[in-house]
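Trainee: Sequence:
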Amino acid sequence: MSTARWSVVVPVKAAALGKTRLAGTLDPGARTALVRAMAGDTLAAVSTARAVARVVVVTGDAAFGATAAELPGVEVLAERTAVGLDAAVGLGIARARDLAPHDGVAVVLGDLPALRPDELDDVLARAGGVARGFVADAEGTGTTVLTARAGHAPRPRFGAGSAAAHTAAGHVRLAVPRGSGVEQDVDVAADLDAVAALRVGEQTRQVLHGLGGRRTG
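For the sequence shown, the positions run 1 to 217 when our numbering is used.
Keep in mind that a hint or two might mislead.
[Stated by the list, open to error] Okay, derived cross-link-like pairs now, DMTMM-like style, lysine to aspartate or glutamate, Cα gap no bigger than 20 Å in a straight line: (1) K19 - D191; (2) K19 - D86; (3) K19 - E139.
Hints are computed from structural coordinates only; laboratory data are not their basis.
Construct the complete structure from the given sequences, taking the supplied hints into account.
Mentor: Written out as structure tokens, the structure reads:
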């Protein structure tokens with residue numbers, strides 16, 4: 001297993017614009033709160049993983065960005081206009097390479113509220129053995145983590161079918177234990193139940209606890 005140091009990019013969409021597929025399940029206020037809570041718990045796990053040397057958050061959410069900037073080892077890049085996920089990731093990767101050109105770079109999406117630091121450390125250790133890697137989501141079709149070892153450039157292809165797209169781009173799928181928080185993202189209503197069955201972070205736990213009367217579907 002590799003002991004390499006990693007820079008991690010965490011892209012976070014403006015909360016009011018995030019998780020639109022939950023619009024039929026959560027009212028706007030609940031959805032905004034959930035997006036920020038999940039991003040906060042994801043960032044807490046990422047920033048405390050042993051293999052992570054620094055974190056670059058790319059976000060169009062000023063409130064979340066202000067909170068994230070207070071964490072040690074976290075730099076925030078403000079996304080002034082909506083440029084799309086791959087473009088936002090590209091901005092973060094470029095900054096991470098400027099800060100530490102000899103470290104590996106990983107992208108961790110901001111909707112992994114059950115992610116634990118040790119799980120990310122395990123993924124990054126495995127990622128050190130391949131030039132480019134990725135972690136598929138629980139369904140196996142999406143991507144939650146993208147990696148590139150030092151000396152290699154990530155090839156982000158996020159969006160529908162991103163697992164296949166990343167494989168085609170030369171990223172190797174990294175094995176993780178079934179039920180790991182690193183693969184359980186939240187996109188649709190069923191994911192809320194799946195993630196609630198895991199040990200989610202405190203911010204998300206509080207939001208989920210208050211959702212009983214705010215689910216509309």
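Trainee: Each hint needs a verdict: does it hold in this structure or not?
Mentor: Hints and how they fare:
With a C-alpha separation of about 11 Å, the suggested pair K19 and D191 falls inside the 20 Å cut-off, and the hint holds. As the CA atoms of K19 and D86 are separated by approximately 17 Å, the hinted pair is consistent with the 20 Å bound. A threshold of 20 Å between alpha carbons decides the hint, and for K19 with E139 the separation of about 17 Å falls inside it, so the pair holds.
Hint compliance for this structure: no hint is broken.
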